[in-house]
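Visitor: Chain by chain, the residues:
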Amino acid sequence: MGKENQRIERSQNQDEAMIKEYPRFAVVGHPNKGKSSIVSTLAHDESVQISNTPGTTTKQRSFPLKIDGEILYELYDTPGFQRARAVLAWLNQEEVPADHKVDRVRRFVYEHREDSRFHDEIELLEPILEGAGIIYVVDGSKPYGPEYEAEMEILRWTGQPSMALINLIDETDYVDEWRRALGHYFRMVRIFNPMEANFSQHIALLESMAQLKEEWTPLVKRSVEIFRRYQQQKIHDSSVLITELITNSLSYIASLSISGDKASPEEKERVLEKYQTHLRKLEEETQRKIAQVWHHSKLEREEMIPLFGEMDLFSKESASLFGLSKKEMILTGATAGALTGSGVDLMLGGTSLMMGSALGALVGGAGALFGFGEIAEMKVLGQRLGSRRLEVGPMQNRNFPYILLRRILYFAQEIATRPHADRSKISIESEALLETRWVDDESKKKMEKLHKDFRSGDAIKEKSFLEYSEMTEAILLGKIEH
Amino acid sequence: MKKTKTSFSLKTYIDLFELMQKNHSSREENRSFGLAHQKLLSSPVALLSRWVEEHRHRLSHPPLSQTIDSVLSTATLILLILAFFLGIFSGVGLLRYSGSEPVNLLYFLGAVFVLPLVTMTMTLLAMLRANRAESMLVHLSPAYWMERILLLLPVRNRERFNSIQINPLITNWLVIRRSQELALSFSLGLFLALLGIVASRDIAFSWSTTLQITPEVFHHFLSLIALPWKEMLPQAVPSAELIEQSHYFRLGGKLNSGMIDHAALLGEWWKFLAMTTLFYALFLRFLLFLLVSAGLKRAFGRAMLSIRGVRDLLREMEEPLIESESAATEQNFERDENLSRIATAALKTDYATVIGWALDEAAIVLHNEREGIKPTNIYEAGGLHSLEEDQEVVDAAAGDILLYVKSWEPPTMDFIDFIMALNGDKSRLIMLYPLGTPEAAYQATKEAFDIWAKKISGLKDHKIRMKR
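Heads up: the sequence lines are chains A and H, in that order.
The numbering of the first sequence is our numbering, which starts it at 1 and goes up by one.
The numbering of the second sequence is our numbering, which starts it at 483 and goes up by one.
With the rest of the complex left out, here is chain A:
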């Protein structure tokens, strides 16, 4: 018995040696009460498996918040209690004074490490015994039951600072009875819905966690600052990506070498297809990058209305959306008169030939179609001199950048405000894209000027890029905070 105690003591010393200086929090509870959802939302990690099937989490998994490699705090996702009463019965087999209760728990872990029956309990108790604070999760939308008491009692035996989180999985509300029960075991009880939590709620929870232990407060408070900065950084990164999309789309020129002096209808169609495909690809790529910025790469997206599909750039809805009259929009295009009123100005080899009506439906007012001979040569070094190229772009339609911007801002807003526990498909309502007054008059005026610069085909000035990026950042920030 003496040797046995020495071994446990050694194990205890090892555990104490492992107690790290930064705060750690183990998210524990009954199976299927949303522990993984809470971790996923708090850690901004979409890789956490979330399932209705209990027992999906079989091993403790750590989620450290690191800034340039320095850990500020660490969260643990753990399996749920499976045999809490058996564990408690084992703990109660001996009379133990309060100051040695944690040793008794440690002894339980030590003795049952190889016992598969208590695999889940060992997994969840280990981080706690290594110094992690306890975040006990319950489902406040279901009635309280006495079967939870064994779990809470075991956690109390560990003596670690703890708080309870009431997760509202469904709409029914048993919060009061849960509060009454949890109040007996936990000093702090908070409500947190990981499926709907916004950034402020996330921060509020972190601030509560900071109060669990005095020594942890500065680091958790610093983490709060880091998260604020991180949020700001992600908004900034998204606005830069959005600005890149706008500048790249507006300045894009699709070109095609043509065999004769004039482009054939097939060649025109091909270059238009190339132009539209490229712009769609740019939009998709930006969506993907924004999703990556917000750690939502795996999120499924429902198809948005295609960029050149049903969206008529000259429709009444579009007109009211941007405060431009139909007449104004037609005038701003290179030409009018296409089926959809699109402005397509075709010049082939220096000969102006209006093709608006024929190509308008295809390009949807996408822009001017130019065919350059020698002069286009200037833009692409290494292009064979003297050959003729058919070019589409840059985008001349004044309405297009607003539509593109509205679409991508909407997407960014959806992504930015979506908790990581929410794995449902992103669906974009077409009505939402028709929201009015999403940009104030002054910004619109500035944007108009910058759109003109971007579509001029000239090199984009850093100052203009930054100005646009700042404007989109302000809009996005407003949307997210709203």
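In case anyone wonders, no lab produced these hints; they're calculated from the structure.
Straight-line Cα separation of at most 27 Å, DSS-like style, residue types lysine-lysine; simulated pairs:
hint: 1; chain 1: H; residue 1: K504; chain 2: A; residue 2: K274
hint: 2; chain 1: A; residue 1: K463; chain 2: H; residue 2: K521
hint: 3; chain 1: H; residue 1: K493; chain 2: A; residue 2: K461
hint: 4; chain 1: H; residue 1: K521; chain 2: A; residue 2: K461
hint: 5; chain 1: H; residue 1: K504; chain 2: A; residue 2: K298
To be clear about the criterion: a stretch of chain A counts as covered by chain H if any three or more of its residues have a C-beta under 8 Å from a C-beta of chain H, and this derived list gives those stretches:
hint: 6; segment: 24-34
hint: 7; segment: 38-45
hint: 8; segment: 146-157
hint: 9; segment: 222-234
hint: 10; segment: 451-463
If you only want the chain H side, here are some residues facing chain A, beta carbon under 10 Å, derived:
hint: 11; residue: E510
hint: 12; residue: R513
hint: 13; residue: P650
hint: 14; residue: E891
hint: 15; residue: A922
Ideal Cβ placement from N, Cα and C applies to all residues, glycine included.
Take the given structure of chain A and dock chain H to it, following the hints.
Guide: Same frame as chain A, but now just chain H:
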């Protein structure tokens, strides 16, 4: 840390372009690079240049930039030599002296004063419009046509070259700078031709024009030209007397006697012409060259920042790497169980034993009444009961059993232990009844039922059934 040497060149630009196309460095690597070069973080272009230097080894050899740079350097050198000799020949031609007629210095003045001023003005205008994709002023420059030389590249490289889109801003500025180099070379040729001819021949300079310009007006004009060196080198400023003496009228047929008398004086013009060449064609051009070089450097910076992916790279270098995700991956644990294998049945009314799992007796009685069940025995198990008490229930349970459970609480192993003990080796039926919440009129949701069904199906015991 190595000493920072920033390189703004076409080579760096092309290398960066190629590296960005094949860049697979991780966010961690990029941030590590940023932290290792913190001093450069405030200068993105310098940071990028350093990044290119450290990653150049990833490019295939020889790097495309080296080929292009080498072709352009050779082409530039050839053109510089050509411009130089053109300058020499032009100078010799403009200063050609037959011995019978004096050399009209206005031609030379045109080449070293008027031409530089005009081309320099055009250069300044081209600089203002250099960020335009199509700048006609740029394309007027002969230097532009050097692009043709790229056609001489071997086909293998041309394919690679075609994949590179050089920013028009750079090509414009390169042409502008190349134009200044050619103009400098040409002017140097002119200057050396002037010195050579003056040194080897005795030339009588004169000025002649069809326009009604008096020597006084001409003197005033030349004094303005010579203003920059008037104080420093007064001997290089033509005097009123010299101007009057060297006024040449073609109708006079030959050199007039006045000119011959002042032959030594007529030769003094060379100093003025040399200083005009030095100042306007060389010095001012050189200043412009420096200005253009600065513009080109800035253009390289702007163009480098506009390469696809560069902003992302810089952002990753500059921004603190904040991570909150787990390094460990989670295995997919979900099984696709066949729920149809779960035996389901309707309730009987004559169960010998009814047990409530984590339910009190009042709740059990309520559900019995609801379902019209009249059992012989009612027991509580689970919840606050001890394992020993559960065992007593197991021992006491007789006949077929109805077991109420809360459907919203998923079955734990604690429950599984109990039901296995309850079943034991007895051949009795256990009917599991997952209850819903009072709000749902005690009806279990499909989702909750399925969770229970999955777990029970795992027991593979056909005597345990579930009430649908």
